[in-house]
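Given chain A, put chains B, C and D in place with the hints provided.
Chain residues, written in single-letter form:
Protein chains: 4
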Amino acid sequence: MSEQNKKTVILLLSCKDQKGLVFNITNFIYKIGGNIIDLDEHVDPVESMFFVRIAFDLESQLFSENELNAQFENLGKQFNANWEIHLEEKMQKVAIFVSKYDHCLQEIFWRQTLNEFNINIELVISNHEDLNRLCEQNNVLFYSFEITKENKLEAEQQQLDLLKQFKIDTVVLARYMQILSPQFVREYPNKIINIHHSFLPAFIGGNPYKQAFNRGVKIIGATSHYVTNELDEGPIIEQDIVRISHNDSLKDLIRKGRDLERFVLARAILLHSQYRILTYGKKTIVF
Amino acid sequence: MSEQNKKTVILLLSCKDQKGLVFNITNFIYKIGGNIIDLDEHVDPVESMFFVRIAFDLESQLFSENELNAQFENLGKQFNANWEIHLEEKMQKVAIFVSKYDHCLQEIFWRQTLNEFNINIELVISNHEDLNRLCEQNNVLFYSFEITKENKLEAEQQQLDLLKQFKIDTVVLARYMQILSPQFVREYPNKIINIHHSFLPAFIGGNPYKQAFNRGVKIIGATSHYVTNELDEGPIIEQDIVRISHNDSLKDLIRKGRDLERFVLARAILLHSQYRILTYGKKTIVF
Amino acid sequence: MSEQNKKTVILLLSCKDQKGLVFNITNFIYKIGGNIIDLDEHVDPVESMFFVRIAFDLESQLFSENELNAQFENLGKQFNANWEIHLEEKMQKVAIFVSKYDHCLQEIFWRQTLNEFNINIELVISNHEDLNRLCEQNNVLFYSFEITKENKLEAEQQQLDLLKQFKIDTVVLARYMQILSPQFVREYPNKIINIHHSFLPAFIGGNPYKQAFNRGVKIIGATSHYVTNELDEGPIIEQDIVRISHNDSLKDLIRKGRDLERFVLARAILLHSQYRILTYGKKTIVF
Amino acid sequence: MSEQNKKTVILLLSCKDQKGLVFNITNFIYKIGGNIIDLDEHVDPVESMFFVRIAFDLESQLFSENELNAQFENLGKQFNANWEIHLEEKMQKVAIFVSKYDHCLQEIFWRQTLNEFNINIELVISNHEDLNRLCEQNNVLFYSFEITKENKLEAEQQQLDLLKQFKIDTVVLARYMQILSPQFVREYPNKIINIHHSFLPAFIGGNPYKQAFNRGVKIIGATSHYVTNELDEGPIIEQDIVRISHNDSLKDLIRKGRDLERFVLARAILLHSQYRILTYGKKTIVF
Chain A
8 MSEQNKKTVI LLLSCKDQKG LVFNITNFIY KIGGNIIDLD EHVDPVESMF
58 FVRIAFDLES QLFSENELNA QFENLGKQFN ANWEIHLEEK MQKVAIFVSK
108 YDHCLQEIFW RQTLNEFNIN IELVISNHED LNRLCEQNNV LFYSFEITKE
158 NKLEAEQQQL DLLKQFKIDT VVLARYMQIL SPQFVREYPN KIINIHHSFL
208 PAFIGGNPYK QAFNRGVKII GATSHYVTNE LDEGPIIEQD IVRISHNDSL
258 KDLIRKGRDL ERFVLARAIL LHSQYRILTY GKKTIVF
Chain B
8 MSEQNKKTVI LLLSCKDQKG LVFNITNFIY KIGGNIIDLD EHVDPVESMF
58 FVRIAFDLES QLFSENELNA QFENLGKQFN ANWEIHLEEK MQKVAIFVSK
108 YDHCLQEIFW RQTLNEFNIN IELVISNHED LNRLCEQNNV LFYSFEITKE
158 NKLEAEQQQL DLLKQFKIDT VVLARYMQIL SPQFVREYPN KIINIHHSFL
208 PAFIGGNPYK QAFNRGVKII GATSHYVTNE LDEGPIIEQD IVRISHNDSL
258 KDLIRKGRDL ERFVLARAIL LHSQYRILTY GKKTIVF
Chain C
8 MSEQNKKTVI LLLSCKDQKG LVFNITNFIY KIGGNIIDLD EHVDPVESMF
58 FVRIAFDLES QLFSENELNA QFENLGKQFN ANWEIHLEEK MQKVAIFVSK
108 YDHCLQEIFW RQTLNEFNIN IELVISNHED LNRLCEQNNV LFYSFEITKE
158 NKLEAEQQQL DLLKQFKIDT VVLARYMQIL SPQFVREYPN KIINIHHSFL
208 PAFIGGNPYK QAFNRGVKII GATSHYVTNE LDEGPIIEQD IVRISHNDSL
258 KDLIRKGRDL ERFVLARAIL LHSQYRILTY GKKTIVF
Chain D
8 MSEQNKKTVI LLLSCKDQKG LVFNITNFIY KIGGNIIDLD EHVDPVESMF
58 FVRIAFDLES QLFSENELNA QFENLGKQFN ANWEIHLEEK MQKVAIFVSK
108 YDHCLQEIFW RQTLNEFNIN IELVISNHED LNRLCEQNNV LFYSFEITKE
158 NKLEAEQQQL DLLKQFKIDT VVLARYMQIL SPQFVREYPN KIINIHHSFL
208 PAFIGGNPYK QAFNRGVKII GATSHYVTNE LDEGPIIEQD IVRISHNDSL
258 KDLIRKGRDL ERFVLARAIL LHSQYRILTY GKKTIVF
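Chains as they are written, first to last, in the numbering used here: chain A, 8 to 294; chain B, 8 to 294; chain C, 8 to 294; chain D, 8 to 294.
Bound conformation, chain A alone (with noise of 0.2 Å):
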């Protein structure tokens, strides 16, 4: 295949261990006009589960995505399996949620410019209008909701309907300061990537850095998770720590975890953006 002649598939697969999977697995893929660049696999002897991430190269005009789902449903099905497919070219659609905060926003912007992830910024989403100037500056729409305790739910579907108009994939909670409801977690089954500023389940909840600074840890954390319904604890994409130590005041640690929670979120966006990441319960497998 020739580099303009091709498009490159990723498929994520997860089902029971079973003999001959990878074989089976590589077969179709083969046999489809698929070359592997990259396999990827885990069994987990505990739950005997088998998880799997294949990134294959096909000749452009064979096959679009529907008729590869096509194709693929027939393999899940044989397996029971769980699985997805996705073209690399067709970046995925990511809104953004803020509130006042702008480090981690920044940098996503700045990456974005970069090209360092696969995906499209379609439009920030806050409960404040302080990152409004910051979102034209990179030519990203800006929608603001002042959210009280009475309007919340139907400010939440308002925002629903914008990610619904706007086809998003992703949500990204780039400190946004509002806890989402369980009506809008379901709608994005482990496509909401929240960043908690502490290494998790350590100070969970509010104001970590203060719980941290008040215990008297020699090590602060940040940690980025998918969102589900109980707080902070969703299967974790990525974790980091910095040291600190008793001459750090709480503001020194404010600023330490910032750079934290910029970096340990970016690298939590370019794993799900390349679809590196499979969920099983609580966890994630990170290829």
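Everything labelled a hint here was simulated from the structure, so no lab data went into it. Because the structure is a prediction, the values reported are computed rather than measured. Any given hint might turn out to be false.
Where chains are identical, the list cannot tell them apart; a pair therefore holds if satisfied intra-copy or between any two copies.
[Stated by the list, open to error] Capping the alpha-carbon separation at 30 Å, the derived lysine-lysine pairs in DSS-like fashion look like this:
(1) Lys174 <-> Lys290
(2) Lys217 <-> Lys156
(3) Lys23 <-> Lys263
(4) Lys38 <-> Lys23
(5) Lys263 <-> Lys107
(6) Lys84 <-> Lys23
(7) Lys14 <-> Lys217
(8) Lys97 <-> Lys171
(9) Lys26 <-> Lys84
(10) Lys290 <-> Lys263
(11) Lys13 <-> Lys100
(12) Lys26 <-> Lys38
(13) Lys263 <-> Lys97
(14) Lys13 <-> Lys217
(15) Lys198 <-> Lys263
(16) Lys159 <-> Lys107
(17) Lys258 <-> Lys23
(18) Lys263 <-> Lys14
(19) Lys84 <-> Lys97
(20) Lys23 <-> Lys13
(21) Lys289 <-> Lys23
(22) Lys100 <-> Lys258
(23) Lys289 <-> Lys263
(24) Lys258 <-> Lys290
(25) Lys26 <-> Lys258
(26) Lys97 <-> Lys26
(27) Lys290 <-> Lys198
Relative to chain A, chains B, C and D alone:
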């Protein structure tokens, strides 16, 4: 002073912050003939507290330990300070408590042969027989106590008697699988060093590796802290972490964690043996 | 002293080690009315050198900067010391040199909006036009010089004239792709901060990521150092690393390295802006 | 297959990349009755090379090691591949070379008691007597050779005879302070594991801690690599680092480095003992 004729004294002092503290303390040391070789100070602006560690050399024949204590008594009173002085040449007497795991004890013994710590290991106390041979090989006294719910307080009393008999300064819990009673802890405030096999305050209590495995974290840790009567809530001395992935089984977590435990505990013992730790509430200042 | 009526002074001093230094210096500060808020000292036993950084508060109306310098003149002479004093309120004037890469400049601008550094960015100087717009967006003056072999010394002289005109204290080379001539470096000893995109002294010179990729290392790094006339041999301020694997292409190394470069340079600027660095031969003491 | 009646086989294979490799190899394994439990593959797009490691289970009575080799002979020829197969149950026979330092040997012995490695330690060879007793305590044969300039090649020949006699698969240089001659190295290509006490390629050659101390680096490292005939230039298996500061004396660097050396070497031995390493030119692929 020539090398042979001097001794090194370490002063640890904390008090309410006030003007002229460093000047007055260093002036005092100057007047008694001391030559400062190391000085670390910290002011906690939130609590307005002052902490200092000063190492200074003195002519050997000047002042016995008792005389030095008498000298600093006045200085301490002047600032209403908590303070202690130690002669570096006088090694701390240490008792190590173990159960069945050998890795932390091995590590301590091995580092001791290299004189990494400034301690004498006087005895090992265990609630099992397993590590008797390892102690024999290292020529360290080994005392075992079968501990049941019924005899626990009595056994602890016998242990305390041993500690008194050997004039123990510091107790190291090197994966000792018993919770010490308040009566015991009270006798050695901020002198009992524990290693907990998690990144506290995550995974307090039993089976932290199992908890971490089930939660699907991407990083595990170990924490060394002084023992207080709140389980795993004592002032943290040192922490460290290691990355894990979906490829790591529970057994791998335990294996990787073992290495963390040994190193974090060893670093805590080193800092403690050099009198580098001041505690304040639930926190430590580590100079 | 009330918050409004005080100013913070930072003293950096180094000299041959001798008895009574801390006492004499703190005594001196006490006598001129200073209240020490932070003191770090270090004795290099090999070279028998003494280094100290003291931050102290003074009543605002006491002593101008010139008067303070006159006061410390005597102290410095007494110990034959190198010393300097700085008023914290008087921010350093900084010039940033860039070429085409924006990541380090972006990072510095963004941190400056959060007031992380204690500096004023007076101007940006470049040998290319590319980052003009970024400077405009951040309201920073931008001067570009097309540099050829023929005009290099002349262009440098013009740059030096600009630095004089703006009374620049510190020069930051934020991935500036030109080697400064000895004439230039001589004007700003230990005041030119460079970021080198390798873990020095590994991979000195050009294309360090390519060198690292070809060598097959498992870790790459970045190094911030003061510029001297030996290429990549100046005193190291800060270093950091990131893990790589066989999965990482040269492009991945460059991507991961970019993040290191930004952070390591930012940390070096922060330390420098807080007057936390003393140099001694090829080494730094970082308090 | 029941646990008792199966054996695990590990295939390492590399060849020019071509279509259908994974399918053909997994098909082959499927046909001989294998059940894949772990598969890692990597394509180097620059060199267009394909690398794979597959672990698969077989009924115990199926195929002896020789029969398996005969089977894979054809597959290897088909793709003009380098390949090797190993039975997991058949532990590698290892010889450890040491001089006077005990820390790496201690670490290996201790991990061996916990069965961390999949190896048998057959003998220890040294150019000094110092570690004889440690080997005795661990019931490992110890052979010492006084090595001079004059007898070096002869001594090496005697060492090689010992390695032949004990059918040694892998040689571990655990701080062995002699440079092996090309004749020796030729006998064990990519089967001699060394630990170098620096972050290669920084500080090649002798006294790397001294070099690091004099250069004033802020991070030191250790590197485990296969030995080739270019000093410290063999394929790197694993590296790690630790932070240092101006407070660390040369002695502290050596102390901190000791811990790095033990861990980095232990990780390299683990990876090698699990057949997780493929080499390609100066590089390793570590699965």
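Structure-based check of all given hints:
1. Within a single copy, Lys174 and Lys290 get their C-alpha atoms as close as 27 Å, which meets the 30 Å cut-off; across copies the closest is 45 Å, which misses it.
2. Taking the shortest Cα distances, Lys217 and Lys156 sit within 30 Å of each other inside one copy (25 Å), while across copies they are farther apart (39 Å).
3. Taking identical chains as interchangeable, the C-alpha atoms of Lys23 and Lys263 lie at most 30 Å apart only when they sit on different chains, with a minimum of 28 Å there against 43 Å within one chain.
4. Proximity of Lys38 to Lys23 under the C-alpha cut-off of 30 Å is found in both arrangements, the shortest distances being 24 Å within a copy and 21 Å between copies.
5. In this homomeric assembly, Lys263 and Lys107 come within 30 Å of each other (Cα to Cα) both inside a single copy, at 18 Å, and across copies, at 28 Å.
6. In this homomeric assembly, Lys84 and Lys23 come within 30 Å of each other (Cα to Cα) only inside a single copy, at 12 Å, whereas the closest approach across copies is 35 Å.
7. In this assembly of identical chains, Lys14 and Lys217 lie within 30 Å of each other by CA distance solely across copies; the values are 29 Å between and 49 Å within a copy.
8. In this homomeric assembly, Lys97 and Lys171 come within 30 Å of each other (Cα to Cα) only inside a single copy, at 18 Å, whereas the closest approach across copies is 53 Å.
9. In this homomeric assembly, Lys26 and Lys84 come within 30 Å of each other (Cα to Cα) both inside a single copy, at 16 Å, and across copies, at 26 Å.
10. Both within a single protomer and between protomers do Lys290 and Lys263 lie at most 30 Å apart by alpha-carbon distance, with minima of 27 Å and 19 Å respectively.
11. For the homomeric pair Lys13 and Lys100, the shortest alpha-carbon distance inside one copy (22 Å) is at most 30 Å, but the shortest distance between copies (48 Å) is not.
12. Taking the closest pair of Cα atoms, Lys26 and Lys38 come within 30 Å of each other both inside a single copy (20 Å) and across two copies (12 Å).
13. Only between protomers do Lys263 and Lys97 lie at most 30 Å apart by alpha-carbon distance; the minimum there is 25 Å, versus 36 Å within a single protomer.
14. When the C-alpha separation of Lys13 and Lys217 is checked against a cutoff of 30 Å, the pair qualifies only between copies, where the shortest distance is 29 Å, while the shortest distance within a copy is 52 Å.
15. In this assembly of identical chains, Lys198 and Lys263 lie within 30 Å of each other by CA distance both inside one copy and across copies; the values are 28 Å within and 25 Å between.
16. Taking the shortest alpha-carbon separations for Lys159 and Lys107, only the intra-copy value of 18 Å comes in at or below 30 Å, while the best inter-copy value is 46 Å.
17. In this assembly of identical chains, the alpha carbons of Lys258 and Lys23 lie at most 30 Å apart only when taken from different copies (22 Å versus 49 Å within one copy).
18. Taking the shortest alpha-carbon separations for Lys263 and Lys14, only the inter-copy value of 26 Å comes in at or below 30 Å, while the best intra-copy value is 41 Å.
19. When the C-alpha separation of Lys84 and Lys97 is checked against a cutoff of 30 Å, the pair qualifies only within one copy, where the shortest distance is 25 Å, while the shortest distance between copies is 39 Å.
20. For the homomeric pair Lys23 and Lys13, the shortest alpha-carbon distance between copies (20 Å) is at most 30 Å, but the shortest distance inside one copy (32 Å) is not.
21. When the C-alpha separation of Lys289 and Lys23 is checked against a cutoff of 30 Å, the pair qualifies only within one copy, where the shortest distance is 17 Å, while the shortest distance between copies is 40 Å.
22. Proximity of Lys100 and Lys258 under a CA criterion of 30 Å is satisfied inter-copy only: 24 Å between copies versus 35 Å inside one chain copy.
23. In this homomeric assembly, Lys289 and Lys263 come within 30 Å of each other (Cα to Cα) both inside a single copy, at 28 Å, and across copies, at 22 Å.
24. For the identical chains of this complex, Lys258 and Lys290 are inter-copy neighbours only, at 17 Å across copies versus 33 Å inside a copy, given an alpha-carbon limit of 30 Å.
25. For the identical chains of this complex, Lys26 and Lys258 are inter-copy neighbours only, at 25 Å across copies versus 55 Å inside a copy, given an alpha-carbon limit of 30 Å.
26. Taking the shortest alpha-carbon separations for Lys97 and Lys26, only the inter-copy value of 24 Å comes in at or below 30 Å, while the best intra-copy value is 33 Å.
27. In this assembly of identical chains, Lys290 and Lys198 lie within 30 Å of each other by CA distance solely inside one copy; the values are 14 Å within and 38 Å between copies.
Taken one by one, the earlier hints all hold for this structure without exception.
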